[in-house]
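Take a look at the letters that make up each chain.
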Amino acid sequence: MSPTARRRRVGDGPRTRFVLITLVLVVTAFAVIAPLAVIFSEAMGRGVLAYAESLVRPDTLHAIGLTLFTALICVPVNVGFGIAAAWCVTKFSFPGRGLLLALIELPFSISPIVAGVAYLFVYGAQGLLGPWLEAADIKIMFAIPGIVLASLFVTAPFVAREIIPLMMAQGRDEEEAAVTLGASGWRILRTVTLPNVRFALIYGAALCNARVMGEFGAVSVVSGNIRGQTSTMPLQIELLYQDSQVAAAFAAATVLAGVALLTLVVKLIIERLDSARETAQGAESALNVPTP
Amino acid sequence: MFSVIPGFRLSLGITLTYLGLIVLLPIAALILQAADVGFWRYIAIITSPRTLASFQITIGAAAAATVFNAVYGLALAWVLVRYDFPGRRLLDTLVDVPFALPTAVAGLALTALFAKNGWFGAPLAEYGIQIAYAPAGIVCAMAFTSIPFVVRTVQPVLEDLDADVEEAATTLGASQFRVVWTVILPAIFPAFLAGASLAFARSLGEFGAVVFIAGNQPFRTEIVALLTYIRLEEYDYPAAAAIAATMLGLAFVMLLVVNLIQAWHQRRAIREE
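Protein chains in written order, with full-length UniProt numbering: chain D, 1 to 292; chain W, 1 to 273.
Just so you know, these hints were derived from the structure itself, not from any lab.
On a predicted model such as this, the values are computed, not experimentally measured, just so you know.
Do not rely on the hints blindly, as some may be mistaken.
Claimed, not checked - Have a look at the derived ranges for each label pair, beta carbon to beta carbon:
#	chain 1	residue 1	chain 2	residue 2	range
1	D	Thr22	W	Tyr127	19 to 27 angstroms
2	W	Gly87	D	Glu134	51 to 59 angstroms
3	W	Gln266	D	Arg227	45 to 53 angstroms
4	D	Glu278	W	Tyr83	17 to 25 angstroms
5	D	Asp137	W	Leu260	42 to 50 angstroms
6	W	Phe85	D	Val48	29 to 37 angstroms
7	D	Gln245	W	Glu159	42 to 50 angstroms
Heads up, the beta-carbon is just placed ideally off N, CA and C, and yes, glycines get one too.
Construct all of the structure, not just a fragment, from the sequences and the given hints.
Laid out in C-alpha cells, this is it:
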C-alpha cells in the first residue's frame, strides 16, 4: 500500500500507536534480544583469548566437525525431498493429496524426544530391525547414521513447507506452456519452476541447516552422547554445562547462535531482493494502467 | 488425475518412499512397541503418580506459555502489519529468532538470564521471585520457543483485511473498540486459534530449552519429554514406549484441531467471497 493511498484506520491514533509499539518493543527486548545478548556476553566475559581457547578444545572441534558433516548430508537430501514433494502436490491433483500434505508436515508436530524414541524402536537392539542389524554387524543407533536419520526426520518438512505455498500460488500455467513448447520435465524444473521459487528454496535450506545443526532432543536419544565421538554441537554444550564449564559451553553456543543469526540475515537479504523485484514488477504494471 | 506436466509418478514415488522410510517407519515401530506393552500395563504406566504429575506440569506450563504468546503474538502481528516505524523490518526478522536458534542454546541463555545472579534473576530474587529451577522457568522456555507461531499465522490474515468494512463501521458511528471487537477480531479469530494451537502443541513437546532451566525435579519441574528420556536411560523400554506413544497421540489430536480450525477458516473465506 503506498503512503498516499493509506487511509486512517482503527488504531491509527498517535496514542494507541505509541503505546502498542513501545509495549511490543519492550517485550521483544526482554524476550528475544536479551537471550541473544547474554550468550555473547557470557562467552566473551573473560576476554577474547579465553573465548578462543575454550572453542579450540579437541572435543568441541570434533563436535563442530560432526555437526557440519550431519548438515552436509541432511540439507541436500531434504532440499531434494522438498522439491519432489512440492512438485507432486502442487502440479497435480489426485485423491489423498490433502493427506499427503498433512503427512509432509507431520514431523513438525512430533516432539523430538518422541522421534528419537521411535528411531530407537526401529534400529535399536530392542527394535524392529535390531536383531537383523546385529547379525549383519551394522551399527546405526548410538553412532553417526542414527544422528543423521533422526536429523532427517526432524527437518524433513522445512524446505517443502517454504516452497509449497509459493508453488501453489503460482499455479501450473507456466509449466504447461513449457510442455507445449516441447520442454522436458527436468528442463521445466530447472528453468521455470526452481527460478520462480529460488528465494523460498534458499531460505528453506538455511532454516533446515540451522535446525539440523541445533537439533537436541532427537539426537540426544539416538546418539548415546559419547564425548569426542557422537556428540554434536548442542550435545557438547550440554556436556560442558553439566561439567560446570560454563564459559566453554557459552563459547560453543556462540557458534550455533552465529549460524542462527546468519540464517536470519539470509532471510533479510532475500526479502529485500524479493520486495525490490515486486516493486519493479509493480512499476511495470502501473505503467500499463492508463491514468484517469 | 490428468495433467500434461510430466513427473507425477517419479515425484510421488520419491515423496512416498522418503516419508515411508524416514517418518512412517519409526512412528509405526513406536506404535507397535507401545501395543506390545499391553492395555493394563499401559494404563498402570500412564496413571502412575510420577507420570501423571509430569503430564500435569507439561500441560499447565504449555497453557501458560500459550496465553503469553496469544497476547504478545497478537500485539506483535498488529504492530508489524498496521504501523510503519523505523526498525519494523528488523523486528519482523527478530520474530524468527526462536525458530533459528537451537533449543539447547535458548535453554542455556534463558537459564543464564534467570539464574540468581543473572540479568533478570538478580532483580527478581530481591522480590523473592524464582524463575530458573522452578515451574515458571518451564513456562519461560516454552514461551520463548513458540513465539513465532501466533504472529506468523495472524500476520497474513491481518494484512488481507479489507479497510472498507472498518471504514463503514466507523462511518456508521461504531467506536474504535467496537470495530476491533466486532469487525477485526472475528476476521482473524480462526488464524489466531490455529496459531495458538500450534504454539501449544510445540510447547507440549519442547525438550531442549526446558531441561536446562527446569531443574528437573520429579513431581515439581519434570516434563513428560524428560520423563520419557529418563525411562529410556533406565532401560525401561515399555514405560518409554507407553509415554512416547501418549505424547504422539496428543500431537495427533492437536494436529486434528489445527486442521479443523483451518478448514473452518477456509470455508468462511470462500463463503465471504
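What are the numbers of the hints the structure violates, in ascending order?
-> none
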